[in-house]
Each structure stands twice: as structure tokens, then as C-alpha cells.
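4 protein chains.
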Amino acid sequence: MIILNGGSSSGKSGIVRCLQAVLPDPWQALGVDTFVESLPAAMRSSSAGIEFAPDGEVQVGAVFRELEAAWIEGIAAMARAGARVIVDEVFLGGAQSQQRWLRALAGLEVLWVGVRCQGAVAAGRELARGDRTVGMAQTQAELVHRGVRYDLEVDSTRRESLECARLIAARVH
Amino acid sequence: MIILNGGSSSGKSGIVRCLQAVLPDPWQALGVDTFVESLPAAMRSSSAGIEFAPDGEVQVGAVFRELEAAWIEGIAAMARAGARVIVDEVFLGGAQSQQRWLRALAGLEVLWVGVRCQGAVAAGRELARGDRTVGMAQTQAELVHRGVRYDLEVDSTRRESLECARLIAARVH
Amino acid sequence: MIILNGGSSSGKSGIVRCLQAVLPDPWQALGVDTFVESLPAAMRSSSAGIEFAPDGEVQVGAVFRELEAAWIEGIAAMARAGARVIVDEVFLGGAQSQQRWLRALAGLEVLWVGVRCQGAVAAGRELARGDRTVGMAQTQAELVHRGVRYDLEVDSTRRESLECARLIAARVH
Amino acid sequence: MIILNGGSSSGKSGIVRCLQAVLPDPWQALGVDTFVESLPAAMRSSSAGIEFAPDGEVQVGAVFRELEAAWIEGIAAMARAGARVIVDEVFLGGAQSQQRWLRALAGLEVLWVGVRCQGAVAAGRELARGDRTVGMAQTQAELVHRGVRYDLEVDSTRRESLECARLIAARVH
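Residue numbers (numbering that gives the first Met the number 0), protein chains in the order written: chain C, 0 to 172; chain R, 0 to 172; chain W, 0 to 172; chain A, 0 to 172.
Hints are computed from structural coordinates only; laboratory data are not their basis.
Among the clues, some could well be false.
Unchecked claim - Computed spacing ranges between beta-carbons, pair by pair: (1) R:Q98 <-> A:L142: 45 to 55 Å; (2) C:E141 <-> W:S46: 33 to 43 Å; (3) W:R128 <-> A:G81: 33 to 43 Å; (4) C:D24 <-> W:L142: 49 to 59 Å; (5) R:E50 <-> C:A169: 26 to 36 Å; (6) W:S46 <-> A:A52: 40 to 50 Å; (7) C:A169 <-> A:A52: 27 to 37 Å; (8) R:Q95 <-> C:D154: 45 to 55 Å; (9) W:G81 <-> R:D32: 32 to 42 Å; (10) W:D130 <-> C:R79: 31 to 41 Å; (11) W:A47 <-> R:A94: 58 to 68 Å; (12) C:R145 <-> R:A105: 35 to 45 Å; (13) C:G146 <-> W:E141: 51 to 61 Å.
To be verified - Some residues of chain C that are not near chain R, with every Cβ distance over 12 Å (derived): (14) D54; (15) G93; (16) Q98; (17) T132; (18) V133; (19) E141; (20) R145; (21) R158; (22) R165; (23) L166; (24) A169.
As the list claims (entries may be wrong) - Over the 12 Å line for every Cβ pair with chain C, so calculated as not near, a few chain W residues: (25) S12; (26) A20; (27) R79; (28) G92; (29) E108; (30) H144; (31) R148.
For clarity, every value in this text was computed on a predicted model and none was experimentally measured.
The C-beta atom is built at its ideal place from N, Cα and C for all residues, glycine as well.
Construct all of the structure, not just a fragment, from the sequences and the given hints.
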């Protein structure tokens, strides 16, 4: 497995698509966005689920955490059954978020990748994308990396997605 | 778990969203579309992966089948870890496709639902959606139900998605 | 030109795509959604622009009206230059909204079509689509038709999009 | 009016969204993508309309050109009626494509902007986006600028969309 962690608009999705293109084996992309989209619409704007404030802050509730735990178990089971999975995540809880994955992935080979991007640059890209709540990029830029341990860090501030993907692919065997 | 099986443009996605809205507990929606989107772009048009012919025929290859097996294991693991999952599927192999799920879901409570829609009506809706290869709806309308056993069948030909969802929800406890 | 007017989730877009498929000449689809998407993101949630309240009510402001007037002039000019245009609209102001178009279209041949759908059924379809603010369908179902004059009305409550499109196409020469 | 011309994946859309955010007045974004989406599905893969070859080449036919002429007339009419419009274009015909706009825009104040991006970098971004036919970026990178005259050129190879937008905005009064 490859787990990428980075703030909103740090370029994770683009790096994941490039990784899928440059890696010789078929790798599946399953990230936190896939999980959130699988939830009932009502949970995507409730205090028990996940809430996106107009200022870019994101809050998740108890039910979200329960469902997320089952999701993580499922992804781990896919990997144990032979799937190669790239997970792109936003560790709002920093080291604590990583712990949730570490427990479930015991025994699996995982490459941990931090995707850094300067807050101001990520905020500009958020504006350019036009489909995200403005403010998330800046808020999350540092927050998501607190206490998280990586095998590799890439910085998309001045590096293209494809270059970042190549750096990561070089570490996959 | 709830597994819905039906041809393209038979109305499965709409029924799933209505089910999520009418069921009191939070149910996650994870179907074959989520799986296909997780694959590398190159696999979405290769003979080893999945191919959508201009006439609406769909072919899947050996690598697709391997990854699908791991996907099914993972979904089963999510359910065992406490998630309530609605899977919407297109059983191109009929009874054989159902077998793949049955083996992995041993011990889990599953409601099997067939979503029927007359080919001509589904073909009209396919045209109205505008985002699917024209021909899939007609080709798959009967094909996907061959030999498949259901706890319940709903017919979206003349019934709204919300009505179908209510019929299904009445069978969930 | 063909102008379709109907509430949110009354099935206009599906009818438009079917119309494009069944009409022998190439007709372009340019509706109020295209106009709204062309606006700056900031105008899509401001009192001067357009606001979508959580209960499904939609308010438009003064700047929106000014830009809309120029948009209507432009669409009329396309038609005068030889384009065949299908406009799908939501006349929140009823007869008054129609007036805005009538003035600009002087001299052009226009087929006015009302797309009706019972509020409860449209609300169910809104839920099934999952991408619209719940409440708009019910609120707009009657409202948008107040005082509007049509050459033809179609009812999508129990008629498929393709059938509605065929009824409309039969009136186009 | 502001007209941006650049190859596929050169970053035009992102620059347009940033322009809308930094310019004090409301500017509408209406580009060639909006035009292509307005066409019947059948025209989006026909020799009379527009064809996207698997290698990234794009061919447009006679009917496409006729409808495009009417579209250009309509955009010009919107601008004459007071709209501020940003058009993002892909001049497959270079100077000849620009001529089509110049004729229609007589008397209007237009800022012509070339958006440059090195072919290799644009190709990488095309891969990262994952929603475009691979090959278009490289094929169009130089082609679209042949003989086209600009008031201003921005290079997105090493400059962020927001920076490019600010350079353009500084020329708008």
C-alpha cells in the first residue's frame, strides 16, 4: 500500500493519477474522498457526520469515526487479498489519524508519503480549481502533518505532480 | 448488506440515494462504479481491464477479475466491521457473478434485490442522461438477471426511484 | 428556438438531450444552468447574484438581472445568426420572466414549451439525483408556470423524457 | 472582453477562475468548452462536428464551423449589451481562428492573452487531471499560437494560475 497524506489542494489527486500511470502494476486509488462520497447526503452536512464550514474548517463527528474505522478495515482486507491500493488522506488529527491506519494495517507493507505544499500556493490552487470551499487549503497545509511519520516527503509547491509521482514510484518495489 | 443488481440505466443509483435518505441508519453506497473509477485510467480501456465498446457491449479481462475479487473481500470486511453497505452491481455474468459475492459474504446478512427495467425504457433514459454509451441499457436489461436469485425485485419501468426504495426499505430491519 | 420552462427536477435536461437526439438538425442546448455556471463563484452565493437557501428557495439580485439581460440578447443574436437553440429555463418570476425573453426575441420563431411535473414526484426525483438542494423541486413546481403562455405543455410526471421529446419534436419544422 | 488562447492543459480554466476572483467587476466565463458541451452528443463524435482521436488530435467539421460562427456572434452581442466576458479558446487554426473572432468583435475592446505552457509540462498536467485524451496537450502546445497576435502573454510552465491572473488583471481597466 501507498498512503499519501496532505492538505486540501496540495495536489494529492494529481500525484495519485500520475502514480497509476507510471507504476507498471495496476494500483487502485481509494481515498478519503471516495469514503465521504459513499456516505448518505445527510451525513455530509451533520455534526455526527462531516461538516464543511464556510471558512474552510472541517469537523467530523462520532458516527463518521465509526464508519471510517470499518472503511479502514475494509481497505486493509483488500490489500491482504492482493490488491495494490493508493490511499490519499487528509489527517485532520495528525499523528492520531495515522494511528488509526497503523493499527489496521499491521503486517502489511506500507509506504508513507507526506505531500507538502506551502499554504499560500495551495490556497491559490484552491481558487483556480473553483470546486472547493475557499480556506481549506490554508487551514490544512501544516495541520495535517503534525506528528505524522513518513518514509518519503514530496513538495508540490514547485514540483509538478508527475515529478512527485516519479520520486514516489522509485521507492515502490 | 443490501446488494442491488440491474442493467445500466435501470435506475439503481437513484434508488440507492433514496434508500440512503429513507433508511434511519447511515448506509454507505459502494458499487461497481466506485470500483471501476478506482482503477488506473489505462485499465479502463484495455482487454486485461474493462472495455466499453461503441455499441454498448462491456468486456472485462483477467486482471479486472483479480482486482474485483480483492474488492469484494474488502467490502465484506467492512460489513463485518460494522458498516452497513449498499452495493449496486451489474452482473454481466448473471448467476456466476452472484456466486463471486456469495462466497465472500458467507455469514453476513444480505438482502438481494433485483432492479428490473424494460430495455426500451432504460434505453430512453440512457439517451436522456447523455453520459453513457448508448446501447448498454438495452444489451444489459435481461442479461444481468440470468439465473440470479433475489429476496425482492423492484421494477423501475413505471415506478419512481423513491417508491422502489420504500419497498426495499420495508424489508430491512 | 425552443424554450422549455419548468421547475427544478421536472426533467428538462433529460428532455433536452432527447430532443437533440431525435431532431434531425443540430440543435444547441443553452439553459439557465450554463448562464449560472459562467458567473464568478462569488456571485453564486451573494445577494447581488444568486443564492440557494438550505430550504430550496432561490433568490436573484440586481447584478444577476443585468447580466441575464445581456445573456438573453446574446442567445437571441445566436439564433438570428442561424443557430438552432434550445433554452431550458426556470421562470422564478413566472410571466414576468417570460416577458424578458419575449422582448429580446422579437421577430424570431419560438416554440414555447411548459414542462410540468407534480411537486411530490419532482421532489422524489430531486432526492434520487442527490446533487440538488432538497426543497427546490417542490417550491418551484407550480410557481414557475404562473401566467406563462405556452405553445405546448408536456407532463413528465408519468411520461418518459424521450416521449416528451417526441411530442415536442413533432411541433418543430 | 478578454480572450485567452492556449493549448489543452495549459492552465486556461484555472487562470479564468482566478481572474473572476481577482477582478472587482463580475466577469462571465464562456469558452470553447461551453460551446462544445452545448452541441448534440452525436456532433461531439462526428466528422461534421468535432472528433477527438485516441492520439489527442482534434478535427472539426463544416457544421461545427457554422455553429461556431453563430456562437461568436452571440458572445459579441452579449459584450455589446454590457456583459464582461472572458473567453478561453484553443485556436487549432492559429491566426485563422483569431480572424474569426476579430471580424465579429469589431468595435469592442478586447484584451488578447496568450497562455503558454511547455508541451512536456502540459502533458504531465494532462496525465494528472486524468479526464482528457492523453496527447492533446503536447500536440496543441505550439500549434495554437501560430501567427496569433497578443496584447499579453503569460507562461504557466513555472507560474501559478493566480500569478498569471494577476498579470492579466493588471491590464484590465
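Going through the hints against the structure:
Distance hint for Q98 (chain R) and L142 (chain A): a CB-CB separation of about 52 Å, consistent with the stated range 45 to 55 Å. With their beta carbons about 34 Å apart, E141 (chain C) and S46 (chain W) fall inside the hinted range of 33 to 43 Å. Range check, R128 (chain W) to G81 (chain A): about 34 Å between beta-carbon atoms, so the 33 to 43 Å window is met. The hinted range of 49 to 59 Å is satisfied by D24 (chain C) and L142 (chain W), whose Cβ atoms lie roughly 56 Å apart.
For E50 (chain R) paired with A169 (chain C), a C-beta distance near 31 Å keeps the hint of 26 to 36 Å intact. Between S46 (chain W) and A52 (chain A) the beta carbons are some 47 Å apart, a value that agrees with the proposed interval 40 to 50 Å. The given range of 27 to 37 Å is respected by A169 (chain C) and A52 (chain A), whose C-beta atoms sit roughly 33 Å from each other. Between Q95 (chain R) and D154 (chain C) the beta carbon distance is about 48 Å. The supplied range of 45 to 55 Å therefore holds.
In this structure the supplied range 32 to 42 Å holds for G81 (chain W) paired with D32 (chain R), their Cβ-Cβ distance being about 40 Å. Our hint of 31 to 41 Å for D130 (chain W) and R79 (chain C) holds, since their Cβ atoms are close to 35 Å apart. Taking 58 to 68 Å as the suggested C-beta distance range, the pair A47 (chain W) and A94 (chain R) conforms, at roughly 60 Å. Checking the proposed 35 to 45 Å range against R145 (chain C) and A105 (chain R) shows it holds: the Cβ atoms sit about 42 Å from each other.
The supplied range of 51 to 61 Å is met by G146 (chain C) and E141 (chain W), whose beta-carbon atoms lie about 57 Å from each other. At roughly 26 Å, the least C-beta separation between D54 (chain C) and chain R is larger than 12 Å, which holds for a residue marked as non-interface. Interface exclusion of G93 (chain C) from chain R stands, the closest Cβ pair being 24 Å apart, more than 12 Å. Residue-level check passed: Q98 (chain C) sits 17 Å from the nearest beta carbon of chain R, beyond 12 Å.
For T132 (chain C), the shortest C-beta to C-beta distance to chain R comes to about 22 Å, beyond the 12 Å cut-off, and the non-interface label holds. Non-interface call for V133 (chain C) relative to chain R: holds, since the shortest CB-CB distance, roughly 26 Å, exceeds 12 Å. With a closest Cβ-Cβ approach of about 29 Å to chain R, E141 (chain C) is found to remain outside the 12 Å limit, as its non-interface label requires. Look at R145 (chain C): its CB is around 27 Å from the nearest CB on chain R, clear of 12 Å, so calling it non-interface holds up.
No beta-carbon of chain R comes within 12 Å of the beta-carbon of R158 (chain C); the shortest separation is about 22 Å. The beta carbon of R165 (chain C) sits about 16 Å from the closest Cβ of chain R, which is more than 12 Å, so the claim that it is off the interface holds. Non-interface status of L166 (chain C) relative to chain R is upheld: no Cβ of that chain comes within 12 Å, the nearest being about 19 Å off. With a least CB separation of 18 Å from chain R, A169 (chain C) remains clear of the 12 Å interface cut-off, as annotated.
With a least beta-carbon separation of about 20 Å from chain C, S12 (chain W) lies farther than 12 Å from that chain, consistent with its non-interface assignment. Against the 12 Å criterion, A20 (chain W) stays outside the reach of chain C, whose nearest CB is about 29 Å from its own CB. For R79 (chain W), the non-interface assignment is confirmed: its Cβ lies about 32 Å from the closest Cβ of chain C, beyond the 12 Å cut-off. For G92 (chain W), the non-interface assignment is confirmed: its Cβ lies about 28 Å from the closest Cβ of chain C, beyond the 12 Å cut-off.
Here E108 (chain W) stays apart from chain C, with its beta-carbon at least about 37 Å from theirs, past the 12 Å limit. In this structure H144 (chain W) is separated from chain C by more than 12 Å, as the shortest Cβ-Cβ distance comes to about 28 Å. The beta carbon of R148 (chain W) is kept farther than 12 Å from every beta carbon of chain C, the shortest such distance being approximately 37 Å.
Comparing the model with each numbered hint stated earlier shows that all of them hold.
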